[in-house]
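Protein chains: 2
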Amino acid sequence: MKSIKIFAPATVANLSCGFDVLGCCLDTVGDEMVITLTQEPGVRITKLEGADLPMETHKNVAGVAVEALLEKYGKSIGVAIEIYKKIKAGSGIGSSAASSAGAVWAVNHLLDKPFTPQELVGFAMVGEKLASGNAHADNVAPALLGGFTLVRSYTPLDVIKLHTPKDLVMTVIHPQIEVKTSDARSVIKQKVTLQQAIHQWGNVGGLISGLYTEDYELIGRSLEDVIIEPLRSILIPEFKNVKEAAMTHGALGCGISGSGPSIFALSKGMDTATKVADAIRKVYNTTGLDFDIHTSIINNYGVKIID
Amino acid sequence: MKSIKIFAPATVANLSCGFDVLGCCLDTVGDEMVITLTQEPGVRITKLEGADLPMETHKNVAGVAVEALLEKYGKSIGVAIEIYKKIKAGSGIGSSAASSAGAVWAVNHLLDKPFTPQELVGFAMVGEKLASGNAHADNVAPALLGGFTLVRSYTPLDVIKLHTPKDLVMTVIHPQIEVKTSDARSVIKQKVTLQQAIHQWGNVGGLISGLYTEDYELIGRSLEDVIIEPLRSILIPEFKNVKEAAMTHGALGCGISGSGPSIFALSKGMDTATKVADAIRKVYNTTGLDFDIHTSIINNYGVKIID
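Chains A and B are the protein sequences, given in the same order. One gets our numbering by counting positions in the first sequence from 1 and adding 53 to each. One gets our numbering by counting positions in the second sequence from 1 and adding 53 to each.
Read the hints as simulated data drawn from the structure, not as lab findings. Treat the hints with care, as some may be off.
No copy labels: a pair is met if it fits in one copy or bridges any two.
With a straight-line Cα cutoff of 25 Å, these simulated SDA-like cross-link-like pairs (lysine to any residue) come out [stated by the list, open to error]: (1) Lys-244 x Glu-277; (2) Lys-214 x Lys-321; (3) Lys-321 x Asp-211; (4) Lys-242 x Pro-283; (5) Lys-244 x Ile-358; (6) Lys-321 x Pro-209; (7) Lys-182 x Gln-248.
Owing to the predicted nature of the structure, the values given are computational and were not obtained by experimental measurement.
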């Protein structure tokens, strides 16, 4: 029976200006999974450690994502999935995306790659729909393609891998509070002014241009969100102080990771990213809240085989 | 007395998805100007051919743009400006921008370049404010920098020159009808849905990524405007038929140039752009309206010295 062990990376979606379209892949934070092709047809979650998540296939994001892949594949195949969660659920760094992206990537690899990365994004989105009710791609795309990614369009699905400057380092703080999805959604307004939208797409353009030209200053100037962050940041304790500490200590930019509560800061070089981590830690040490801080280069390959 | 003759290029702003932020520079359509440093201080429009525009300095876009430059320069200088208009006013391909951008570029050149291209954009915007009441930069930026440009931000002004794939060719039809600026403005809604905005900034990201990677198909897929074009195109006769003819004959994309009434189509290669021009011409030949059609490679340098 063919089997592989993989690293399924955490991801940071939105990146301030690119709500619902931009994301990037982390290197030092992620789950481990063991995926095995079995003789008995069907998809089974055979082990799940590190999180209190459902093991029934149709209730598990990795389970439904692999079922979507196998339905398209057409042949009667069996898959056993072991999940060793290290990314906390509800952290805002793509916990569900790591599971669904990792599972479909591994099955595709074991089947000798019948599907393109873009098709894998489509299958993994089935897991995202189960997790949040919304088949978004801004976490599964960077998890599968690596680096920085753009979801240009959902209908039809059009996912672009962007260029990743090698010196970018991400610092992420995960305050261990629960923000209800319904609250994170209800603070967002469904109408924006045309001026806000123009401001935002100017920054999306600047960020992408900065990635291709490796213009770190331009990347920093473009990491601005005039639409979502002002509304959603009120749900994240000390957001303003964390951002101020990150920027004061040299971060290029700082914003909400996904729908929060994690906060990301992007820096040029590991030294700066480490200083930023220390500064953010000091802010959160005053709160009494539990939190994790991760520092990671950008993972330019996505899911990978380990051991 | 130092004097130069220049070509001041026409430009296509917005480029479908990039309303108010994107633009590109044409090579075969533009005005000619002769700019001379004079002993007598002050800015004078000494000749104006080809258009019925004001010659009083404070009412002329080139006049006020150069006055803004000289005010910053600080020294008492005289400038004489001759303008030979070839771009029709109100065409939607940056007629006023060509005059103000050309004038400040030439004066800066004659003064041995005390100002950066970005500063010149700021001076030329004073001309745009006189022309339309709005100091927009999406035409003067490509006229001054050449190629494709992004206005990332207005406050502070942040203009980025993007990469220009060499095979892109623009076809522009200018229907000689008058669309009142007030009408072009009043059809635009000042609020958009968040979903429309996300759709649009996904395309801005796709277009800019496509420019850097020279992915012509991606450029084509990204030339889509779900916000302005559906509202403004009703003011342009035969817009839908022109767009259909352009796309049928191989254009990568087609949309409104600036605020119209000109329509642009972007193609890969001169052969396709010429076929697109022929197809568009056939559509407009049925209308009885006067029109011009221009076909041009992208001008990657902007204003240039001639003769």
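Okay, the hints, checked on the actual structure:
1. When the C-alpha separation of Lys-244 and Glu-277 is checked against a cutoff of 25 Å, the pair qualifies both within a copy, at 19 Å, and between copies, at 20 Å.
2. In this assembly of identical chains, the alpha carbons of Lys-214 and Lys-321 lie at most 25 Å apart whether taken from the same copy (21 Å) or from different copies (22 Å).
3. In this assembly of identical chains, Lys-321 and Asp-211 lie within 25 Å of each other by CA distance solely across copies; the values are 21 Å between and 29 Å within a copy.
4. Taking CA atoms no more than 25 Å apart as the test, Lys-242 paired with Pro-283 passes in both settings, with 11 Å inside one copy and 23 Å between copies.
5. Proximity of Lys-244 to Ile-358 under the C-alpha cut-off of 25 Å is found in neither arrangement, the shortest distances being 43 Å within a copy and 47 Å between copies.
6. When the C-alpha separation of Lys-321 and Pro-209 is checked against a cutoff of 25 Å, the pair qualifies only between copies, where the shortest distance is 23 Å, while the shortest distance within a copy is 35 Å.
7. For a Cα distance limit of 25 Å, the shortest separation of Lys-182 from Gln-248 across copies, 18 Å, qualifies, whereas the shortest one inside one copy, 31 Å, does not.
Taken one by one, the earlier hints fail for this structure only at number 5.
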